[in-house]
Amino acid sequence: MDILGTLRDLGLESGFAAFFLTDGGWKNLIMILIAFVLLYLGIVKKFEPLLLCGIAFGCLLSNLSYFVGLGENALYHPELWEAFLDEASPYYHSYGHIMSNAGLLDFFYIGVKAGIYPSLIFMGVGAMTDFGPLLANPKSLLMGASAQLGVFVAFFGAVLLGFTGPEAASIGIIGGADGPTAIYLTTKLAPHLLGPIAIAAYSYMALIPLIQPPIMKLFTTEKMRKVKMEQAREVSKTEKIVFPIVVSTFVILLLPSTAPLVGCLMLGNLFRECGVTDRLSDTAQNALMNIVTIFLATSVGATMVAQNFLNVSTIKIIFLGLCSFAISTVGGLLGGVVMYKTSGGRINPLIGSAGVSAVPMAARVSQDVGRKYNKTNFLLMHAMGPNVAGVIGSAIAAGFLLSVFG
Amino acid sequence: MDDLVNISIANAGITALLGYVVVFIGLILLMAVMMIMGAIMVSRAKKAAAAAPAAAAVPAAPAAPKAPAPGTAGELKLYDTDPRDAAMVMAIVADTLGKPLNELRFKSIKEVKEDEI
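Protein sequences appear in the order of chains Y and W. Oh and the first sequence: position 47 is 47 in our numbering, straight run, nothing missing. Oh and the second sequence: position 34 is 440 in our numbering, straight run, nothing missing.
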């Protein structure tokens, strides 16, 4: 037996050698460092840790196991998914081909590709969300609508920067500040951009307490920020039960492409409110949500292979994502200012910034900034109205973009 | 289709504007639906509230004694004591004794007036 030859072969087959011997192997090293940074941000800085830890580890696993030309032991195979999307390939839309050659993370990714995980996450979000503040003040929906400004401005900006229509739509939706919606739309329109878009969306959502307050200060006066809002009316149980049924019926008929997201969001909410499905509500908001989060985060992280991630587009996406978030905040605040003026100063415009979705972080920011200027002010429940309206608004924006570019 | 993939700047501008308008229209229509729904619910609640005093005027049959719920230590009787004050008293007693509240049984709480001391 040629011991030295065997050892040499083992060495050459190892990932350590692959860093230097394969085409672009050094890029994997950079991606591994990026994964470490993301793990640090998730664990130490607590930036959306439930998602960022999974995304970072998925990124780490795929870049440890996949090298160009050495895909045998890879957990995720980008070339399989390229063939899946290539109309000229014999494996176009062939899940059979994927499954017969897949690594573990390819299997996980099927749930993202089929749009299953984002919809299930939305079901959990629905089961966790109290739409009472929105029902008590339906005008909040206007702030949720105006806070979608960043989606369309970033879409336009992305086209200016040279992205295609579907890519620009996927980048724009980062401004909806809704991770599952961004993942859902990107998977349908520009799956090759999923990694950077998911990272941008979740990172900026975690940074909302830093991004929003200066903008809130800039677009409102001190007098506006001090407005104390009246107690909202009490919402009956019947209203809360009827709400998800009405919203599903109305929004899905209006924009059928929103059906998976809005349908699951409202199904989860019906479980919560109807009073006879407590077990299902509990499962949707805890066990199911946690399981799906693990699969979603790791498989999204796995798409961050060096060849897809390390390029100029990623930098543009990170920049456009930040603009999108900031402009959405401005849109929500302007909506709030208009409502302040039309209501005779009874609505505090700070709650408008919560229209960017990112439940409940954005509403908490409104509360914190409001209390800074008036210690007796409790804006949280008022801000939850535009906040949950933002979830519906971003789903409608995604549905519109999907129906145009899908 | 190729027009949409390689979208022109003018078309992108129109699409962005149209998209924003669609979001607004969708949510305004939803707002109208919710306002109608809210108005119906509020008027029903008002009718029910108006009907309630009439029903209360009819003398009700004496209710059967209610059995305490399983796991509870029966009902607490309050004499001249507000339920909030009673809750505070119970919390203070539990804290002073260092015992969890669910391991203590309060049978009655009575306010002792100054002239009764």
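Bear in mind the hints are in silico, worked out from the structure with no lab data behind them. None of these values were measured; they are calculated from a predicted model. You may find that some hints are simply not true.
Taking lysine to aspartate or glutamate and the DMTMM-like style, the derived pairs with C-alpha atoms no more than 25 Å apart in a straight line are [to be verified]:
no., chain 1, residue 1, chain 2, residue 2
1, Y, K27, Y, E82
2, Y, K27, Y, E87
3, Y, K316, W, D409
4, Y, K188, Y, E230
5, W, K452, Y, E82
6, W, K452, Y, E230
7, W, K452, Y, E72
8, W, K453, Y, E87
9, Y, K188, W, D488
10, W, K513, W, D488
Results for each hint:
Distance restraint check for K27 of chain Y and E82 of chain Y: the Cα-Cα separation of roughly 20 Å lies within the 25 Å cut-off, and the hinted pair is therefore satisfied. Proposed proximity of K27 of chain Y and E87 of chain Y is contradicted: the alpha carbons are some 29 Å apart, above 25 Å. Taken as a hint, the K316 of chain Y and D409 of chain W pair is honoured in the structure, with Cα atoms around 23 Å apart against an allowance of 25 Å. Between K188 of chain Y and E230 of chain Y the CA atoms are separated by roughly 43 Å; this puts the pair beyond 25 Å, and the hint is violated.
Restraint check: the Cα-Cα separation between K452 of chain W and E82 of chain Y comes to about 61 Å, which exceeds 25 Å; the hinted pair is violated. A threshold of 25 Å between alpha carbons decides the hint, and for K452 of chain W with E230 of chain Y the separation of about 21 Å falls inside it, so the pair holds. Taken as a hint, the K452 of chain W and E72 of chain Y pair is broken in the structure, with Cα atoms around 70 Å apart against an allowance of 25 Å. Of the supplied pair hints, the one linking K453 of chain W and E87 of chain Y is violated, its CA atoms being roughly 63 Å apart against a limit of 25 Å.
Restraint check for K188 of chain Y and D488 of chain W: the C-alpha separation of about 61 Å exceeds 25 Å, so the hint is violated. For the hint linking K513 of chain W to D488 of chain W, the alpha-carbon distance of about 15 Å falls within 25 Å, and the restraint holds.
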